[in-house]
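Colleague: Now for the letters of each chain:
There are 2 protein chains.
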Amino acid sequence: MTLPAPARVGMPLDEVDTPALLLDLDAFEHNLETLERTLAGRQVRIRPHAKSHKCPRIALIQMQRGAVGVCCQKVSEAEALVDGGVTDVMVSNEIVGAGKLARLAALAKRARLSVLADHPDAVDALATAVRGTGASIEVLVEVDVGAGRCGTLPGEPAAVLAAHIAGKPGLRFRGIHAYQGGAQHLRTPAERESAIASAVDQVKDTLAALKRHGLEAEIVTGAGTGTYLLEAASGVYNEIQPGSYVFMDADYGRNLEADGTPVHTFRHSLFVLATVMSRPTPNRAVVDAGLKAHSVDSGNPSVAGVPGATFLRASDEHGTIQVASPFDLPLASKVKLIPGHCDPTVNLYDWLVCYRGSRVEDVWPIAARGAFY
Amino acid sequence: MTLPAPARVGMPLDEVDTPALLLDLDAFEHNLETLERTLAGRQVRIRPHAKSHKCPRIALIQMQRGAVGVCCQKVSEAEALVDGGVTDVMVSNEIVGAGKLARLAALAKRARLSVLADHPDAVDALATAVRGTGASIEVLVEVDVGAGRCGTLPGEPAAVLAAHIAGKPGLRFRGIHAYQGGAQHLRTPAERESAIASAVDQVKDTLAALKRHGLEAEIVTGAGTGTYLLEAASGVYNEIQPGSYVFMDADYGRNLEADGTPVHTFRHSLFVLATVMSRPTPNRAVVDAGLKAHSVDSGNPSVAGVPGATFLRASDEHGTIQVASPFDLPLASKVKLIPGHCDPTVNLYDWLVCYRGSRVEDVWPIAARGAFY
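In order, the protein sequences belong to chains A and B. With the first letter of the first sequence counted as 1, position 286 gets the number 1480 in this note's numbering; the numbers rise by one all the way through. With the first letter of the second sequence counted as 1, position 304 gets the number 1498 in this note's numbering; the numbers rise by one all the way through.
In short, the hints are calculated from the structure, not lab data. Just to be clear, a hint being listed does not mean it is correct.
Unchecked claim - Okay, the calculated bits of chain B under chain A, using three or more residues with CB under 8 Å as the criterion:
no. : segment
1   : 1277-1291
2   : 1342-1353
Stated by the list, open to error - Straight-line C-alpha distance at most 20 Å; calculated EDC-like pairs for lysine to aspartate or glutamate:
no. : chain 1 : residue 1 : chain 2 : residue 2
3   : A       : Lys1528   : B       : Asp1315
4   : B       : Lys1405   : B       : Asp1395
5   : A       : Lys1530   : A       : Asp1491
6   : B       : Lys1528   : A       : Asp1315
7   : B       : Lys1303   : B       : Asp1277
8   : A       : Lys1530   : A       : Glu1209
Cβ coordinates follow ideal geometry from the N, Cα and C atoms, glycine included.
Construct the entire structure; sequences and hints are all you get.
Modeller: Right, dumping it as structure tokens:
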């Protein structure tokens, strides 16, 4: 079920129904510009991750500004993006299961499509799915460069799998996917630099192994919002895939600059608009946005624009906020929360209410909300 | 956007697309029967909480088995339930905002409807919304009996608000809502008994204060899956509203019986079916169900039926599981996860795949998924 949008174009922000997911267009555009500006002179292509926004409208804006395509994580997400007009999608994930692979092969006839693999059995299954369809799928080997999740070991094991891919009709070995997800939220620049330096070494080992097999990685991709400048400067990555940079969130906001201050490259553009539904004590305000309106996996949201206010805890439909003054956050007032973690929060909403100043400028469907198949 | 269901009736469970939300019908029916059996002889009405399942089909089954109605938390949730055929809904929450109140008044002409209040301004706004519509809404005073979230203080403050409600045309004071949410997951029976004993004392104080104002609470409601036997035995609560009992979850499974063993009143009926998408090391299996497929706010899911397997961490679309043997959870196999917290997990899914044994018996729409307005 998709609920009606909580806002209409032209509506004052204060009339938007809550909870609502808001996008501050000025901050969003600042973030798009900042990514480009900070990459000026670097020889890297930008392929933003659409798992953060799940919104074809944003994907198209990113591509209009020079992105070569987008990444996503699921076949159904790729379908929603292609349905929305996106022409080049990398499913930066392993896809398993005959049904999903058949859909992937079908989609590859409608858009340029690439996908990852980290096991020969998965490659064989993908080749089987593609056979006879006339589709062609580009495959990258996922290499574990320190994240400890999916991926082959760097070096020879990755090259062996690449050779396996290269030998399969309908598949084309395209390169390596070396995303160090664990490095994105390391708090200090020194920690992030160390993690990416190690990843770069492992990428180099893998490129050398590929060369021994007579193979070349046309694409070396990875990087997220926390580390993309490091990969871009590495000389080995030629594509980067930050996602959260368009929005930011409270958790990314805890990363630090070299001088110990919070990172300030990007601005917070994503908010959950909530209403104060109960004001039971002088220092407690309860809002209508709980666990079903924002994800607390990476910590609680921050309260925007209310000095001294702290989001204490979320229950299913309630958010309990401690306020500094009995006059803060009166009953029925509205408040903007900065989500703890943008990606799973966006996935709770069908609509993104885009505003500038205090006026709703557009309402975009989050077409891939719930697209986890 | 609502995605197609991941299963068809009659399909073997192993062919269901993943991630999928599964309901084991045998365990579900056991739980329905168990609630009734454990309440035999108690003078309490059952009004299960539909915020857990968000599914009119389940609400109707509960009412067919004797529930007097259901609770929910949001106006849009109530709308979805009434659209689905439910005739008696308590919105067990404060509702704020003219738009929401107008919808509530409209809904009160289609079903028996009650709602909570904890502030005279909210009561006035509700009375304004009802005026001239011909609707009648029953209002309960929410009393904070220890949860520390919404609600008036017990005793005189609650009675003063009740008198305020009773004086408003179109509103009818119906009783008090005294839910001790904080007690539900206290681990030992002694802790839960102590918390509910305190809540009962505060309810008694409130009933006495109401009497002084010449008012009577026809309904005294509260209780959840963790404590409902205590409220049912209290002699003051006459309605109870457990929700999670139909499903259970890993967090409720950590509550203890008096002998120190985990609670075993209800069975786990709710699972997230996931597929092993990567098997990068002998002891690591990665499944396709991460933060967008289950909520980790109350801890990680448990892995059902795989001895020695531990769910280590969820990222957006991945779940990393440590397995005891290299032969456990092979690539492309499926596994059932017991969600850490059922309510926000259910809210991520559009479909509930109901099965018995190894066969899909029905697929129910989770009609109020995302209904947080």
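Colleague: Take the hints in turn and mark each one as holding or not.
Modeller: Here is what the structure says about each hint:
Evaluation of the coverage hint for the segment 1277-1291 of chain B: fulfilled, as 5 residues show C-beta separations to chain A shorter than 8 Å, against a requirement of three. With a threshold of 8 Å between beta carbons, the proposed coverage of the segment 1342-1353 of chain B by chain A holds, since 5 of its residues qualify and at least three are required. Between lysine 1528 (chain A) and aspartate 1315 (chain B), the direct Cα distance comes to roughly 16 Å. Compliance with the 20 Å bound is thereby established for this hinted pair. Among the hinted pairs, lysine 1405 (chain B) with aspartate 1395 (chain B) is consistent with the structure: their alpha-carbon atoms are about 15 Å apart, no more than 20 Å.
Only pairs whose Cα atoms come within 20 Å are accepted, and lysine 1530 (chain A) paired with aspartate 1491 (chain A) is accepted, the gap being roughly 19 Å. The straight-line distance between the Cα atoms of lysine 1528 (chain B) and aspartate 1315 (chain A) is roughly 16 Å, inside the 20 Å bound, and the hint therefore holds. About 13 Å separates the Cα atoms of lysine 1303 (chain B) and aspartate 1277 (chain B), which keeps this hinted pair within 20 Å; it holds. Proposed proximity of lysine 1530 (chain A) and glutamate 1209 (chain A) is supported: the alpha carbons are some 13 Å apart, at most 20 Å.
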